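Listed below, chain by chain, are the residues.
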Amino acid sequence: NAGVMQNPRHLVRRRGQEARLRCSPMKGHSHVYWYRQLPEEGLKFMVYLQKENIIDESGMPKERFSAEFPKEGPSILRIQQVVRGDSAAYFCASSLSNTEAFFGQGTRLTVV
Amino acid sequence: GESVGLHLPTLSVQEGDNSIINCAYSNSASDYFIWYKQESGKGPQFIIDIRSNMDKRQGQRVTVLLNKTVKHLSLQIAATQPGDSAVYFCAEPPPSGYNKLIFGAGTRLAVHP
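Each protein sequence line maps, in turn, to chains A and B.
FYI, this note's numbering numbers position 107 of the first sequence as 108, with every residue one higher than the one before it.
FYI, this note's numbering numbers position 19 of the second sequence as 23, with every residue one higher than the one before it.
Treat the hints as calculated values from the structure; they're not laboratory data.
Being a predicted model, the structure only gives us computed values, none of them experimental.
Note that CB positions come from ideal geometry on N, CA and C, so glycine has one too.
It cannot be assumed that every hint is accurate.
[Said to hold, decoys possible] Reference listing, derived: stretches of chain A covered by chain B, where coverage requires no fewer than 3 residues with Cβ under 8 Å from a Cβ of chain B:
| hint | region |
| --- | --- |
| 1 | 19-28 |
| 2 | 36-47 |
| 3 | 101-111 |
Construct the entire structure; sequences and hints are all you get.
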């Protein structure tokens, strides 16, 4: 049973470009969470999704950031017009319901 | 707002010694806490959890202590090994129960031979 899969592991984007981060939850998991981690800091909650629904996006910036978890395929975190401040590690976690969440290895975004 | 925070950013220990990592929380209504281990370049990994109706919980080489009076919890690692080198986070889910975890800043544990 593969764990939470995130890709790419590393992503470099120039300022103004778009970044797309993908997360495939563990098999059977329908709950997905995205977190952002700045260097030397803890993880900060961004968004919680269930299949085709955004449940809580209170931690996600109102502009340029969006997330989806379609019926088929991985969850996508999309950052438009990236800026240097978006450089961070983005982690995805998945769970069955209100059970333990398992984290992926993260995508490290570098904006140059 | 409510927060979960850590006292020490870095802890250096000798291999074989016991390690103690501390965490303070501010919400007296918090009833569930989780410790995570994050190795370099990896995602957080669940270590152990504790509910507020307990003062102590033991796992394999790890013990979590909860002091609700002073809103403090600690993670004790016995006979620390090089493989324990990582950043350790305490985290707290919201009352709603889903995994909108609030993480502390983390403590880096460095184990020296």
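Of all the hints numbered above, which does this structure not satisfy? Sort the numbers upward.
Hint check: 1 fails alone, others pass.
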